[in-house]
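Novice: Residue numbers (the working numbering), protein chains in the order written: chain Y, 79 to 315; chain U, 79 to 315.
Since the hints were derived computationally from the structure, they do not count as laboratory data.
Computed from a prediction, not measured in an experiment: that's the story for all the values here.
Check the hints yourself; a few may be wrong.
Treat identical chains as interchangeable: a pair holds within one or across any two.
Said to hold, decoys possible - Derived DSSO-like pairs (lysine-lysine); straight-line CA-CA distance at most 27 angstroms:
1. 155 / 135
2. 112 / 305
3. 299 / 129
4. 296 / 106
5. 129 / 247
6. 305 / 188
7. 296 / 112
8. 129 / 305
9. 146 / 296
10. 226 / 105
11. 247 / 135
12. 309 / 132
13. 226 / 176
14. 129 / 296
15. 299 / 128
16. 135 / 299
There are 2 protein chains.
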Amino acid sequence: MKRNLLLISNSTLYGRGYLDHCADEIKKLLDNKKTVLFIPYARPSGLTHKKYTKIAKDCINKMGFELKGINEYTDPKIAVEQADSIFIGGGNTFVLLKELYESGIMDLIKIRVERGMPYIGTSAGSNVACKSIMTTNDMPITYPPSFKALELVPFNINPHYLDPDPNSKHMGETRETRIREFHFFNQDYVVGLREGSMLLVKDDNITLKGSTGARVFKNNKEPLEIKPGEKLDFLLK
Amino acid sequence: MKRNLLLISNSTLYGRGYLDHCADEIKKLLDNKKTVLFIPYARPSGLTHKKYTKIAKDCINKMGFELKGINEYTDPKIAVEQADSIFIGGGNTFVLLKELYESGIMDLIKIRVERGMPYIGTSAGSNVACKSIMTTNDMPITYPPSFKALELVPFNINPHYLDPDPNSKHMGETRETRIREFHFFNQDYVVGLREGSMLLVKDDNITLKGSTGARVFKNNKEPLEIKPGEKLDFLLK
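Go ahead and model the full structure; you've got the sequences and the hints to work with.
Specialist: Take a look at the structure:
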């Protein structure tokens, strides 16, 4: 299958600017493309589509590409049909997925990306590229028609993955416990992508990029620690 | 309206035993009741209904009350109809709410509790007592038919509430940011119940119990800090 995806844990790393830590990978992925279609539906901190698009535009422009928000089109379907590449930004995964369904572009995005159109996702934008949004960290502040996502890859991501803190006195579930609970009801791989990490998916190959590593979870198995640069092709089988 | 509820942030406080920190309030709430109906549907860490009921039974027995799990009845509806009092334990809120809907006992619980039957909830069990589960911290590992909950009270709770950590380098949303995002789409009060806190709801009165305080959020308003012992009757208006 054709795949050309960059699935990023987080858009902003502590102490750095928006998309700074993943700018080189974004530029390589976009390669000879001229324009990026931005999907601002996840609305971080309730930002309007317009304001969120402005932030993405300023940043992507500096990398040498044009960017247009899907909100700047009358028909979101035409926006996707005409796109050169697509970037779905982070925010609230439930708000994002609901809007993707309601705008009727789920199938269209899938068709275009499976024919090789570059796809960039950060945080919630990486969640919706996966099989389902069932391993998001976000609050379910709105009710989407399904938790099924774009299924551009046959596994799930947990973005902003946090290792358990042995000194914590907080009794809420750790991220690992939550993912284990997911595996009582589901069998799919879950990639815990630490902030600073991203998956580069090229056809049937996956490489872990970034600096912080990742942790791969599977039901009835011990978690696997993956180092930057390592391959994760097994996730696609 | 008749109400006799104890909505607890967390079942186990750091360094203490199961229900230790809220045992006195539970005993007072149950008063002259003899038996407790336990709902183990939230399955923390994937625990079976049987094992989870055993943990609750051992603890509630020591307080001087009998406990029976809803799983010990052939018909869950009869279990609720015959109950003296009800205790819904914590775990995964999505798993819990789905099972409550599927077992057909949502309306029955509501009717019984609105006629004065004592209701105890911990964590996810407190979430489902509220208007919706939209302010849970849990992963959406299963898809319930709605996010609408029992509506025993007209507001929401965020259990295990965590104050922002000024020293954190983690870029994932803080709890406060997530609740603010909720308020872009919803108007209900949200009570951020720190671990160690609980709400005692008696008819039209609410008192904050426990040792750690709470934070009340409302759209377009500054959060309110509430101290142990303070009244929150305004939440019911």
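Novice: Evaluate residue 129 and residue 305 at a C-alpha cut-off of 27 angstroms and name the case that applies: within, between, both or neither.
Specialist: neither (36 angstroms within a copy, 38 angstroms between copies)
Novice: Taking 27 angstroms as the upper bound on the Cα-Cα distance, should residue 129 and residue 247 be classified as within, between, both, or neither?
Specialist: Cα proximity of residue 129 and residue 247: across copies only (25 angstroms, versus 38 angstroms in one copy).
Novice: Treating 27 angstroms as the Cα threshold, decide for residue 135 and residue 299: within, between, both or neither.
Specialist: neither (42 angstroms within a copy, 31 angstroms between copies)
Novice: Up to 27 angstroms between alpha-carbons, please classify residue 296 paired with residue 112: within, between, both or neither.
Specialist: neither (39 angstroms within a copy, 44 angstroms between copies)
Novice: How do residue 146 and residue 296 come out at 27 angstroms by Cα distance, when the copy is not named: within, between, both, or neither?
Specialist: neither (38 angstroms within a copy, 34 angstroms between copies)
Novice: Is it within, between, both or neither when you check residue 226 against residue 176 at 27 angstroms Cα-Cα?
Specialist: both (11 angstroms within a copy, 17 angstroms between copies)
Novice: Pop the pair residue 299 and residue 129 into one bin, within, between, both or neither, using alpha-carbon distances up to 27 angstroms.
Specialist: between (43 angstroms within a copy, 22 angstroms between copies)
Novice: Could you figure out if residue 226 and residue 105 sit no more than 27 angstroms apart (CA to CA) within one copy, between two copies, both or neither?
Specialist: The answer is neither: 29 angstroms in one copy and 44 angstroms across copies each exceed 27 angstroms.
Novice: For the identical chains here, do residue 305 and residue 188 meet the 27 angstroms Cα criterion within one copy, between copies, both, or neither?
Specialist: For residue 305 and residue 188, the Cα distance exceeds 27 angstroms both inside one copy (29 angstroms) and across copies (51 angstroms).
Novice: Is it within, between, both or neither when you check residue 129 against residue 296 at 27 angstroms Cα-Cα?
Specialist: between (39 angstroms within a copy, 24 angstroms between copies)
Novice: Is the C-alpha distance from residue 296 to residue 106 at most 27 angstroms within one copy, between copies, in both cases, or in neither?
Specialist: neither (31 angstroms within a copy, 44 angstroms between copies)
Novice: Could you figure out if residue 247 and residue 135 sit no more than 27 angstroms apart (CA to CA) within one copy, between two copies, both or neither?
Specialist: between (42 angstroms within a copy, 26 angstroms between copies)
In this structure, the earlier hints numbered 2, 4, 6, 7, 8, 9, 10, 12, 16 are contradicted, and the remaining ones agree with it.
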